[in-house]
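2 protein chains.
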Amino acid sequence: MIFKIDHTDKETKARAGEITTAHGKIQTPIFMPVGTRGTVKAVHQHELKEEVKAQIILGNTYHLYLKPGMDVIEKAGGLHKFIGWDLPLLTDSGGFQIFSLADERRQSQPGAKPVRKITEEGVKFNADTDGSIHFFSPENTIDIQRTIGADIIMAFDECTPYPCEYEYAKNSMGMTHRWLKRCITQFNKTEGKYGYAQDLFPIVQGSVYKDLRIQSAEFVASQNCEGNAIGGLSVGEAQEEMFGMTEVVCSILPKEKPRYLMGVGKPEQLLECIALGIDMFDCVMPTRNARNGMLFTSQGTISIRNAKYKDDFSPIDPEGTSFVDNAYSRAYLRHLNFADEMLASMIASVHNLAFYARLMREAREQIVAGTFREWKNKMVKQTEQRL
Amino acid sequence: MIFKIDHTDKETKARAGEITTAHGKIQTPIFMPVGTRGTVKAVHQHELKEEVKAQIILGNTYHLYLKPGMDVIEKAGGLHKFIGWDLPLLTDSGGFQIFSLADERRQSQPGAKPVRKITEEGVKFNADTDGSIHFFSPENTIDIQRTIGADIIMAFDECTPYPCEYEYAKNSMGMTHRWLKRCITQFNKTEGKYGYAQDLFPIVQGSVYKDLRIQSAEFVASQNCEGNAIGGLSVGEAQEEMFGMTEVVCSILPKEKPRYLMGVGKPEQLLECIALGIDMFDCVMPTRNARNGMLFTSQGTISIRNAKYKDDFSPIDPEGTSFVDNAYSRAYLRHLNFADEMLASMIASVHNLAFYARLMREAREQIVAGTFREWKNKMVKQTEQRL
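Chains V and P supply the protein sequences, listed in that same order.
Following this note's numbering, the numbering of the first sequence begins with 0 at its first residue and continues without gaps.
Following this note's numbering, the numbering of the second sequence begins with 0 at its first residue and continues without gaps.
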């Protein structure tokens with residue numbers, strides 16, 4: 000993997016870069032649509048390429064390991080071939096899902112007793128799908144990600160919840176660091192199964208504690224991986240805490256490697272974090288909100304279920320770049336949403352992802368032109384006013 | 000509306016024709032995808048045009064009247080503009096839905112007391128959506144269909160269930176005929192709201208009673224409408240009865256007008272009915288079955304959930320004509336189906352509709368080439384063997 004920085008902003012820490020992987024180039028800053036189960040929900044692969052202009056998408060180790068299972072993915076020749084996607088892929092290690100899905104089940108099914116036993120060795124858990132018992136370790140999550148075959152794979156970590164006691168966060172971070180060493184060892188002992196190289200990104204943890212974040216960022220930086228990620232944010236903490244932690248960590252993570260902020264976020268949060276030096280983002284927000292009828296537009300965020308759109312036959316977004324903005328009206332999308340028709344999710348998902356992708360392209364252009372800060376401040380203000 | 004017959008088969012009653020409407024031409028025999036609520040489920044409008052090569056789609060009066068309501072559709076300038084579809088449209092009158100949805104509710108909600116009061120004047124019913132009370136008559140269903148603005152609109156009829164007592168069927172048919180006269184009167188008293196002409200098709204009823212079907216076909220034929228439909232079949236009767244009734248009715252309905260068999264059916268049934276002189280079909284089968292993982296292919300009908308497709312990385316249909324057959328494998332589609340992902344329905348719906356459309360194009364080519372009967376018999380035999 001090669002990371003080339005084309006431009007560095009003079010007024011902020013923003014950078015315009017380019018990552019080269021075995022499956023092609025990624026222009027940064029980049030937003031990566033989330034395709035948890037090997038599909039970005041409600042969007043065809045060719046729509047991701049042609050309409051969203053996605054340059055990389057995510058898959059999830061936890062979900063793909065359970066369904067369709069590694070035997071199928073290996074026989075297919077890896078996830079790229081299995082899903083019909085020849086551009087770059089990134090897989091999350093599954094750590095986050097083991098923790099968040101168990102919590103979700105505890106809340107939604109009061110009687111449920113999800114297994115989640117964390118030891119130094121790894122995590123024993125039961126699948127949210129059928130309750131079957133599984134064990135994830137630094138070693139086997141690397142093996143699984145070798146089988147999935149994404150261009151960028153993630154270290155196995157414990158993603159601490161929010162709020163989190165200092166002592167828990169500190170001990171957890173220590174274990175995440177020891178797990179990282181084991182991930183790197185396993186990664187170096189193995190190689191890509193399908194004839195191309197993969198790269199491993201470690202993950203900075205430390206909850207909302209500045210000293211822990213500093214320690215973690217220094218440890219992660221010292222591992223000298225090809226790129227670095229920041230995890231455990233956007234999990235419930237105040238936005239200012241998220242920005243604060245991101246700033247501290249970015250100041251330590253090496254400039255010459257891409258920085259990936261996991262699970263963030265709203266459009267204006269992306270812009271602020273680009274200013275802090277982040278290059279890569281992923282988040283379910285554009286697709287999940289799309290399915291709930293919430294649309295990101297050049298005129299602000301709207302809920303298509305609002306009565307005022309009942310007979311609004313104007314485009315979803317007059318400045319929208321994807322075909323759905325030309326093909327369909329707000330009133331039609333509102334009708335489809337109320338009628339619970341799949342086409343509602345299909346239209347809104349393409350629209351929202353195209354909005355995010357365009358925002359990142361525009362951010363890149365502004366960085367290159369040296370006008371990023373002014374533009375970012377105007378955009379963030381507009382969005383805040385309109386949200 | 001102009002109906003031109005290009006070729007009449009010498010060995011069967013099959014015809015290759017062309018219907019010209021205000022929104023373009025339709026080559027017959029034609030299968031019309033069902034877009035009940037103004038969307039063919041899980042399929043984008045441009046996919047209907049470019050991948051399915053649909054020349055006409057259906058909307059439903061009952062559903063569109065309830066949601067989004069006539070005020071919205073009228074403000075939009077009709078259904079074509081509302082949904083972004085500039086090719087021909089046909090609307091069912093809603094009679095079938097009033098009857099079938101009330102029965103479905105009675106079965107699925109044992110406590111439910113759906114209102115369905117049929118009088119000479121019309122039908123009082125409550126909406127399946129919110130229980131609100133409505134009244135449909137021959138006159139107002141014509142008015143509603145004027146507002147929807149489909150190129151072809153249907154007379155308001157009573158669709159008798161199966162089985163149906165002779166006396167009930169006879170009386171019901173009599174009322175459907177009287178309603179037809181009122182539909183035609185209302186149709187002639189009104190005109191298209193959006194600057195183009197619409198055409199009204201009457202519907203032959205009579206359950207599975209040959210003498211009633213003859214009476215009804217003669218009555219309908221005598222009204223001299225631009226096309227004629229056969230209703231009340233494929234509602235539970237044996238396939239041979241359906242073919243028998245279709246044959247009797249086709250022998251009476253005028254040759255020079257298109258004949259539309261409503262709600263039919265499986266691929267081999269379409270071919271048999273083309274041989275009996277049918278020109279137009281609609282059915283939810285290709286889209287509904289798609290959502291259940293049932294696929295119509297050149298190698299027969301398959302359930303993608305079958306274990307044998309787990310690691311079958313071949314195309315859904317090697318002879319498939321739509322992009323989904325190149326883009327995705329059977330194993331991937333199976334995974335998406337089990338993972339309950341929308342993309343499963345999206346892929347299978349495009350595939351099945353493209354299969355139906357191609358079958359109709361091929362039937363037309365065979366009619367024109369004078370080889371229809373032999374080809375049809377081979378196709379039907381193949382399908383029966385493989386189903």
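Be a bit skeptical, because a hint or two may be false.
Which copy is meant is left open, because identical chains are indistinguishable; a pair holds if it fits in one copy or across any two.
[Claimed, not checked] The list that follows gives simulated cross-link-like pairs (lysine-lysine, DSBU-like), each with its CA atoms no further than 30 Å apart:
(1) K40 with K309
(2) K40 with K52
(3) K40 with K307
(4) K74 with K265
In short, the hints are calculated from the structure, not lab data.
Comparing the hints with the structure gives:
no.: 1; hint: K40 with K309; result: both (26 Å within a copy, 21 Å between copies)
no.: 2; hint: K40 with K52; result: both (16 Å within a copy, 25 Å between copies)
no.: 3; hint: K40 with K307; result: both (28 Å within a copy, 25 Å between copies)
no.: 4; hint: K74 with K265; result: neither (38 Å within a copy, 35 Å between copies)
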